[in-house]
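Asker: Residues per chain, in single letters:
2 protein chains.
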Amino acid sequence: MSDILVVGSLAYDSIETPSGRVARALGGSANYFSLAASLYAKVRVVGVVGEDYEEADYKLLKDRGVDLEGLEKVPGKTFHWEGKYEGDMNEAKTLRTELNVFEHFNPKLPESYKNSSFVFLANIVPALQMEVLNQVKNPQFVGMDTMNLWIDIANADLLKVLKKVDVILINETEAEMLTGAANAIEAAAKIVELGPKAVVIKRGEYGFIMYSKEEGYFVLPAFPIAKVTDPTGAGDTFAGGFFGYLASRPSKPTVKDMKQACIYGSIMASHTIQDFSVKALAKTTIADIEKRMAEYKKVITI
Amino acid sequence: MSDILVVGSLAYDSIETPSGRVARALGGSANYFSLAASLYAKVRVVGVVGEDYEEADYKLLKDRGVDLEGLEKVPGKTFHWEGKYEGDMNEAKTLRTELNVFEHFNPKLPESYKNSSFVFLANIVPALQMEVLNQVKNPQFVGMDTMNLWIDIANADLLKVLKKVDVILINETEAEMLTGAANAIEAAAKIVELGPKAVVIKRGEYGFIMYSKEEGYFVLPAFPIAKVTDPTGAGDTFAGGFFGYLASRPSKPTVKDMKQACIYGSIMASHTIQDFSVKALAKTTIADIEKRMAEYKKVITI
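In the order they appear, the protein sequences are chains H and F.
Throughout, the working numbering is defined as the position within the first sequence, counted from one, plus 44.
Throughout, the working numbering is defined as the position within the second sequence, counted from one, plus 44.
Keep in mind the hints are simulated off the structure, nothing from the lab.
Certain hints may be false.
Copies of the same chain are indistinguishable here, so a pair counts whether it falls within one copy or spans any two.
Said to hold, decoys possible - With a Cα cut of at most 30 Å, we get these calculated DSSO-like pairs of lysine-lysine:
no., residue 1, residue 2
1, K341, K241
2, K342, K207
3, K117, K300
4, K335, K300
5, K335, K234
6, K271, K303
Work out the full structure: start from the sequences and follow the hints.
Answerer: Here is the structure:
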């Protein structure tokens, strides 16, 4: 089992969906990622929170054995995101983003983190993703996420990071935006031309596309969920399940491993969306994952 | 091998997509359906065309062994649809619909059609779907399609037909509209409560969901196509492939057969969208289907 370093946000989210609303509930890419990945591997978090960050929210990760040495607490308030889903549950409408302590975030890796084998650069400004990656001595497998904002305002930096990673996990609309492709199938093939060995395009309720230089397309639907309560964090959960599975394997990830990892990510994400914030994910056990995996195999097999 | 009766439109379509445009090209649900289904089974068409319907367009079906005894030619012009795709290739914007000879269409079945085992009621006004179905003596397996317009203005009639069919093949947005469900997964489960044994929800580039009372969900992605030239007719092609496969089987369709049939429908539809009008579909051979089927299995398997 290898260690996974993740850099990303720890946040409080205020979310409205057709199922209801929550105010200042735990969120952030690093939280979703860590909760998912820690079921299968040792996770190390790099991030920043404010003075309002609650003890119970630290404890949630600590109880999963997550290493929080790289999680700084600084004066000010924790990153706060306010969003709403209506109609299209695949895309949130951002109502407000308060960067707070995240605004001057300058990630410094603890010595003990620098030997991490797996690195996941969750969605933060590309220059910081690069700074974190540069501090890791000899990473074996690196992944990244990104978002429309960075594609727009930090494109050159983003393309530099893209050349350094093994895989990018990205949303469908963002994949099209990054490449100018008319659809996700075309986008996938174009993205591997930009550097990574493989790309995973997350399609929300429709599942995912993985495309690798080595083996081409691998496409599967999402596990069918009739009632989506809150899609927030599904993508970060996917990444966490994906990395958790890979880091639990005895050897360096092959394309075949990555395909299996997509299924783990997808199944974990199907749990996340069944309740607000990290509530459903935090309760999800390995037994739950294995059970749903078996159901999923029936759903996709004649 | 059994006979399939299809009732639907034979049309000329004027279509604009990001790949170009065609004017008065062959279209209509019965044409797409018949071209697909006739690769595997004997098809009988019920429909109406105007005096402008071209000899070459009859010939296209005749050369495939399609029975056109039930295809009337009447004074006036053939049904004409004008549509445009931009951005979202899963949904056409209708610019103009000229019903022409279709307006007073009153389907009468030739005697020789009345013993058909398989019946597909393509997207026409529900009252006519019922009228056609009532003329078939002892159908073994009946399917239907429908559209937003009938859900809206002929809902009661539509629900009556739905009680008489084994399967409905329907678009994602229309499935949600029909049931008031928030997503296609929820819609699928609600639709079988309305009568049919199974429902197939067509999700365009995302593939399909089949849901049966007997075995629950069967969900798969579409075959990956990087360049979609014209999505028109993909749904009718799907239905044609689905019915063609089922009618080619030695016994009455099981749920397992229907799952396999979905894959045939999906693979055929992936050909249709690669050129305008029926151009790609008309050239597609059984060998092409089998080849792509093998590629598809690789795409969805680790």
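Asker: Now tell me if each hint is right for this structure.
Answerer: Now for the hints, and whether the structure bears them out:
Taking identical chains as interchangeable, the C-alpha atoms of K341 and K241 lie at most 30 Å apart whether they share a chain (27 Å) or sit on different chains (22 Å). Proximity of K342 to K207 under the C-alpha cut-off of 30 Å is restricted to the inter-copy arrangement: shortest distance 28 Å between copies versus 38 Å within a copy. With identical chains, the CA atoms of K117 and K300 are never at most 30 Å apart, being 39 Å at best within one copy and 57 Å at best between copies. For the homomeric pair K335 and K300, the shortest alpha-carbon distances inside one copy (22 Å) and between copies (23 Å) are both at most 30 Å.
Taking the shortest Cα distances, K335 and K234 sit within 30 Å of each other only across copies (25 Å), while inside one copy they are farther apart (36 Å). In this assembly of identical chains, the alpha carbons of K271 and K303 lie at most 30 Å apart whether taken from the same copy (26 Å) or from different copies (24 Å).
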